[in-house]
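Work out the full structure, taking the sequences as your base and the hints as a guide.
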Amino acid sequence: MNQYNDLRIIERSTLAAAQEAFLRSGKKIEELETPEFKPRPEHIEPQLTQEEIELRQMADQIRTLSETMTKTEMAKHMGISQDRISKVCKLSGISLRNGAGRNPGSRHVKPGEDKVMVERINALAQIGLSKLKVRNHIGIGWHRMDRLVNTYRIAFPGPSQCE
Numbered sequence: 000m001n002q003y004n005d006l007r008i009i010e011r012s013t014l015a016a017a018q019e020a021f022l023r024s025g026k027k028i029e030e031l032e033t034p035e036f037k038p039r040p041e042h043i044e045p046q047l048t049q050e051e052i053e054l055r056q057m058a059d060q061i062r063t064l065s066e067t068m069t070k071t072e073m074a075k076h077m078g079i080s081q082d083r084i085s086k087v088c089k090l091s092g093i094s095l096r097n098g099a100g101r102n103p104g105s106r107h108v109k110p111g112e113d114k115v116m117v118e119r120i121n122a123l124a125q126i127g128l129s130k131l132k133v134r135n136h137i138g139i140g141w142h143r144m145d146r147l148v149n150t151y152r153i154a155f156p157g158p159s160q161c162e
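Here numbering that gives the first Met the number 0 is used: the first residue of the sequence shown is 0, the next is one more, and so on.
No lab work stands behind these hints, which were simulated from the structure alone.
Note that CB positions come from ideal geometry on N, CA and C, so glycine has one too.
A hint or two may mislead.
Said to hold, decoys possible - Quick list of simulated restraints, FRET-style, between CB atoms:
| id | residue 1 | residue 2 | range |
| --- | --- | --- | --- |
| 1 | Gln60 | Ile126 | 51 to 57 Å |
| 2 | Ile139 | Glu72 | 21 to 27 Å |
| 3 | Arg146 | Ile52 | 46 to 52 Å |
| 4 | Glu112 | Ile79 | 27 to 33 Å |
| 5 | Glu66 | His42 | 34 to 40 Å |
| 6 | Gly157 | Asp113 | 20 to 26 Å |
| 7 | Gly140 | Glu72 | 21 to 27 Å |
| 8 | Glu112 | Glu72 | 31 to 37 Å |
So this is what it looks like as structure tokens:
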């Protein structure tokens, strides 16, 4: 046996001797009753405020409109901002249709517009303008410019051809 077990045996024997001395003196050991289990009272739901009621109604309306409309269309239809719609959707766990941002359909390629844009880019490239000058002149972004140049293989003059 180790030292710890020896100490426990000594403590138990000391405790037993103390109990015996207590009982011999005529005193009683009283056992206390265990406390009864009392369940917690039911949680009372607080009444909804007017703002919470309006938010829930707005969430229901957005949920039905989101099946057929984008966020921009919903904002016009409901007469509220797109940020408000986003916040209500986030609070209510509603997911909107893809492409329902501020500019719906902005990521879609429109062949008619591309054809006109490619003709303008080709004409400006033949004059001898660089990609940067053409992009600034037409007023389009880098991504669209790169997509058009790569898709339609538009040739721009190199450094040796520009004068």
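Results for each hint:
Remark: the range hint 51 to 57 Å for Gln60 to Ile126 is upheld by a beta-carbon distance near 54 Å. Under the hint 21 to 27 Å, the C-beta atoms of Ile139 and Glu72, about 26 Å apart, fit the expected range. A beta carbon spacing of about 48 Å between Arg146 and Ile52 agrees with the range 46 to 52 Å that was offered as a hint. Range check, Glu112 to Ile79: Cβ separation about 31 Å, and the 27 to 33 Å hint holds.
At about 35 Å, the CB distance of Glu66 to His42 agrees with the hint of 34 to 40 Å. A C-beta distance of roughly 25 Å is found between Gly157 and Asp113, which places it inside the suggested range of 20 to 26 Å. The supplied range of 21 to 27 Å is met by Gly140 and Glu72, whose beta-carbon atoms lie about 24 Å from each other. A hinted range of 31 to 37 Å for the beta carbons of Glu112 and Glu72 is inconsistent with their spacing of about 22 Å.
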